[in-house]
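Peer 1: Start counting at 1 in the sequence shown, then tack on 41, and there's your number in the numbering used here.
Simulated from the structure, these hints should not be mistaken for laboratory data.
No more than 20 Å apart at the CA atoms, straight line, and that leaves these computed lysine to aspartate or glutamate pairs for EDC-like:
{"no.": "1", "residue 1": "Lys69", "residue 2": "Asp46"}
{"no.": "2", "residue 1": "Lys69", "residue 2": "Glu86"}
{"no.": "3", "residue 1": "Lys69", "residue 2": "Glu97"}
{"no.": "4", "residue 1": "Lys90", "residue 2": "Glu63"}
{"no.": "5", "residue 1": "Lys153", "residue 2": "Asp178"}
{"no.": "6", "residue 1": "Lys182", "residue 2": "Glu156"}
{"no.": "7", "residue 1": "Lys148", "residue 2": "Glu165"}
{"no.": "8", "residue 1": "Lys90", "residue 2": "Glu56"}
{"no.": "9", "residue 1": "Lys182", "residue 2": "Asp155"}
{"no.": "10", "residue 1": "Lys103", "residue 2": "Glu141"}
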Amino acid sequence: MARLDPLKMEELTPEQKLLHAEIGRTRKRVSGPFAIWLRNPAMAEAANKLMLSMREDGKLEKRLYELIVLIVVRHWSAQYAWAAHESAAAATGLSADAIEAIRHRRKPDLMKDDERLIYQTVSELLERKPLSQSTYDRFVKQFGLDLAIEIISIAGFYSMVATVLNGFDVPTLNGERPFSQG
42 MARLDPLKME ELTPEQKLLH AEIGRTRKRV SGPFAIWLRN PAMAEAANKL MLSMREDGKL
102 EKRLYELIVL IVVRHWSAQY AWAAHESAAA ATGLSADAIE AIRHRRKPDL MKDDERLIYQ
162 TVSELLERKP LSQSTYDRFV KQFGLDLAIE IISIAGFYSM VATVLNGFDV PTLNGERPFS
222 QG
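Whole structure, please, built from the sequences with the hints as guidance.
Peer 2: Structural data, given as structure tokens:
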């Protein structure tokens, strides 16, 4: 059960209606964290702009973007975000075995060097906090500083998404529970 009922269109202020239309432009529905943030229009607008700058205007390949999302949302056990991104991750070419390994908190057997380095870097960042110098050096050498900033920012953004989803106990759209436990 969600802690907040969804806002009804007739309850939205004119500012919220404009934001709802803008946010809805790139997704099927305004739900998840955006349904929460819509209650704070300035925050909703800022989060949407940041997300679009990474997802639509970013240089990172979508396969790696979705890998980062799955690693982060599984770390936080954000059921809604996992359900929203699992099929997108598969559609970008991440293997079903890798997706299932991440779901079950196992290290995935990733076949590509860039996937392995993303997994190591994001996992280390979430678990250790500051990256070790050796991981940082390999990460920046492989991806360059611009993509390194983008990658770490994606991880940070989805950590924020996950905490909003978990804080307000946002249920998945179909009521599924991708994780049997945290």
